[in-house]
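Novice: For reference, the chains in residue letters:
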Amino acid sequence: MTQTTPPPTETSEQQDPVPESARSGGDGAGARTAARIAGAFAIPIAGFLSLGWLLDFLKDDDANRLVIAAVAIVVGVVGVFALFWAMDTIVDWLPARVRETARPYVFVGPALAILAVFMIYPVVNTIVLSFKDARGDEFVGLDNYEFVFTNESMLRSIRNSVGWIVVVPLFGVSIGLVFAALADRLRRGEALAKSLIFLPMAISFVGASVTFRLIYDYRPEGFGSNIGLLNGIWMGLGNEPVAWLSQKPWNNLLLMAIMVWMQTGFAMVVLSAAIKAIPDEIIEAARIDGASEMQVFRRIVVPSILPTIVVVTTYMVINAMKVFDIVFVMGNAESNGTEVIAERMIRWFFISNHDGRGAAIAVVLFIAIIPVMVWNVRKFREQEAIR
Amino acid sequence: MTAVPLPPTDLTPAETATGPSRAKKTSGTVGVEQGGWFVRIAVLVTVLIWLIPAVGVLVTSFRGADDVRQTGWWTVLWDPFGTDWTFENYRTALDSGGFANAFLNSLAVTIPATIMPIAVAAFAAYAFSWMQFRGRHLMFVLVVGLMVVPLQMALIPILRLFVDGGEIAGVRVFPDLDLNGSFLGIWLAHTAFGLPLATYLLRNYIGSLPSSIIESARIDGADNFTIFWRLIVPLSVPALAAFGIFQFLWVWNDLLVAYVFLGGTSDTRVVTIALANLVGARGQNWQLLTSAAFITMVLPLVVFFSLQRYFVRGLTAGSVKG
Numbered sequence: 048m049t050q051t052t053p054p055p056t057e058t059s060e061q062q063d064p065v066p067e068s069a070r071s072g073g074d075g076a077g078a079r080t081a082a083r084i085a086g087a088f089a090i091p092i093a094g095f096l097s098l099g100w101l102l103d104f105l106k107d108d109d110a111n112r113l114v115i116a117a118v119a120i121v122v123g124v125v126g127v128f129a130l131f132w133a134m135d136t137i138v139d140w141l142p143a144r145v146r147e148t149a150r151p152y153v154f155v156g157p158a159l160a161i162l163a164v165f166m167i168y169p170v171v172n173t174i175v176l177s178f179k180d181a182r183g184d185e186f187v188g189l190d191n192y193e194f195v196f197t198n199e200s201m202l203r204s205i206r207n208s209v210g211w212i213v214v215v216p217l218f219g220v221s222i223g224l225v226f227a228a229l230a231d232r233l234r235r236g237e238a239l240a241k242s243l244i245f246l247p248m249a250i251s252f253v254g255a256s257v258t259f260r261l262i263y264d265y266r267p268e269g270f271g272s273n274i275g276l277l278n279g280i281w282m283g284l285g286n287e288p289v290a291w292l293s294q295k296p297w298n299n300l301l302l303m304a305i306m307v308w309m310q311t312g313f314a315m316v317v318l319s320a321a322i323k324a325i326p327d328e329i330i331e332a333a334r335i336d337g338a339s340e341m342q343v344f345r346r347i348v349v350p351s352i353l354p355t356i357v358v359v360t361t362y363m364v365i366n367a368m369k370v371f372d373i374v375f376v377m378g379n380a381e382s383n384g385t386e387v388i389a390e391r392m393i394r395w396f397f398i399s400n401h402d403g404r405g406a407a408i409a410v411v412l413f414i415a416i417i418p419v420m421v422w423n424v425r426k427f428r429e430q431e432a433i434r
Numbered sequence: 187m188t189a190v191p192l193p194p195t196d197l198t199p200a201e202t203a204t205g206p207s208r209a210k211k212t213s214g215t216v217g218v219e220q221g222g223w224f225v226r227i228a229v230l231v232t233v234l235i236w237l238i239p240a241v242g243v244l245v246t247s248f249r250g251a252d253d254v255r256q257t258g259w260w261t262v263l264w265d266p267f268g269t270d271w272t273f274e275n276y277r278t279a280l281d282s283g284g285f286a287n288a289f290l291n292s293l294a295v296t297i298p299a300t301i302m303p304i305a306v307a308a309f310a311a312y313a314f315s316w317m318q319f320r321g322r323h324l325m326f327v328l329v330v331g332l333m334v335v336p337l338q339m340a341l342i343p344i345l346r347l348f349v350d351g352g353e354i355a356g357v358r359v360f361p362d363l364d365l366n367g368s369f370l371g372i373w374l375a376h377t378a379f380g381l382p383l384a385t386y387l388l389r390n391y392i393g394s395l396p397s398s399i400i401e402s403a404r405i406d407g408a409d410n411f412t413i414f415w416r417l418i419v420p421l422s423v424p425a426l427a428a429f430g431i432f433q434f435l436w437v438w439n440d441l442l443v444a445y446v447f448l449g450g451t452s453d454t455r456v457v458t459i460a461l462a463n464l465v466g467a468r469g470q471n472w473q474l475l476t477s478a479a480f481i482t483m484v485l486p487l488v489v490f491f492s493l494q495r496y497f498v499r500g501l502t503a504g505s506v507k508g
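Residue numbers (my numbering), protein chains in the order written: chain Y, 48 to 434; chain U, 187 to 508.
Note that these hints are calculated values from the structure, not bench results.
The reader is advised that the hints may include incorrect statements.
As the list claims (entries may be wrong) - Partial selection, computed: residues in chain Y whose CB lies under 10 Å from chain U:
#1 Asp135
#2 Thr148
#3 Met166
#4 Thr173
#5 Ile222
#6 Ala238
#7 Ser251
#8 Glu381
#9 Leu412
Just so it is clear, CB atoms sit at the ideal spot from N, CA and C, and this is done for glycine as well.
Make a model of the complete structure from these sequences and hints.
Specialist: This is how it looks when you write it as structure tokens:
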């Protein structure tokens, strides 16, 4: 897509041949202006009062959840449109000179305000907090960063996270690529097969974690039968049941398998589209020249879609860096040695109430993500530009 | 070979809608050896492996408690009538497990948290594309630049704002609204986290609409609000739907933001929180856990099957979310 800047458009004010003063002239003008100004104040005030009342209602624990949920949805959805409509209406009542100057800020204002309060201020504040103590009162210098890079559990989390960003993209992209290439050659059922691989992408990390906990389930001798699939297979081969999730360090791989299961479908769909974009003539020519299917795949398909492979890989690297839910839901991260960076951040900030350490971990994560993310966004923009 | 690494995400109006799975080559059948047995078997085996975890959950969720404790779910494959099929697990999960309430809470969080960023971003994208004002380019670059910020960077300060309000040099600049644990608080947080991507995608789409339409509407006397509402929104449905589905799934499946801003104990907990709590509290109660897990997955799966084309587009477009 070309990033064309639209030509400067005349504002409707400039096209309006009748000046405001001429239109509102006459005896009733003063009264009407007064009514408008009163309205400009009355509407937001009434809006705020009713919003306050509704929000109080939403906190009422005794009320019926169904009613609360319905009211919440209506308040949220109608509220956001009402906000824009009210602001636009208020701008209509402004003097003609400033009206069209002010209007763009009505349109972009809410976005900028929300981002300022909920993104820009927090980024700055997190950096400041990372140099402060548990409650964010006193500056403690680099203590929190020292903690991040010396604490045993933190170091393990960094090591594990590196493992995640290598293993998950490696397996996800390879399986996705091979599957996409194979499915491309099916005569029937390609769409269905791809849908089924893509399906886990729809569900939550929590749901996927529960799904795999069932597979890894373990009961010690005398505590009931082993109903986990992995132990079922393992015992079928004549072995004793194993507590898979406490097998250091392999339990990390078992957790990574969950993310591979979820995200392979994404890699596969994107790579499949890229494979279909390869001109047929190239592949035909190679085949006529006697190339085997394997050679076609390695020498033509893979090099042709290399840019896509790189993009998909970075996407999965970013996701693997930020993984939190899987480790958190599986539990016992410290005793099992499965800590990861994003999970440590929540531990220290939310469970141990140490804002300083939580912030320092967040900053480390941020610094690690920036280069990959900048690269990813730039790549994404390039592709958009090509299209 | 054009280097088009991502599939047509259909975010340009000029493009015709072709979902990735529908773009089957026609010439593939001409003279080229199609996949033989090896290909078919390999695909089938992969699909089966991918399905097994989900089948295990589904089967277990419908078995009686005693059966679940005693035998693995796979035994029903060769003895489908030897197990005690029941809906009881779902009744328990919805009722005493609190998943009916959690489902409603999830809806109350997700629907506004999907509509709000779309609305706010669409207005902003329109202004960035078709209105003239000072600092336009700078503001847009700033908004897009925020895509690189992982939301972990924002959690601590936002929670502190919600709990304590905000003060700069002793002056209260952010009122103590007691937003922690409230729907409004989590809507605003999700809106902020989704805004950079939404604004970027919608600006690309809305900016590439033909200017002649907007010009002629202006000449006909339509004001900006009317143009936006009557012209831009209807024309942008594909982009709005793609981002909407991405955001809907993102919020519905989110654990982190809900965990921090809604908490796990109050009445306001959502399905992901309820499920994570259940793992901690009753981690061996598999008939309950699996039925609860399936309850959390129902809505995303319905969205997946009914809106698959938009779904793929939404997820590929959302791949740059920070």
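Novice: If a hint holds in the structure, say so; if it does not, say that too.
Specialist: Each hint, compared with the structure:
no.	hint	verdict
1	Asp135	5 Å, holds
2	Thr148	7 Å, holds
3	Met166	5 Å, holds
4	Thr173	5 Å, holds
5	Ile222	7 Å, holds
6	Ala238	5 Å, holds
7	Ser251	3 Å, holds
8	Glu381	15 Å, violated
9	Leu412	6 Å, holds
Against the hints set out earlier in the document, a violation occurs for number 8 only.
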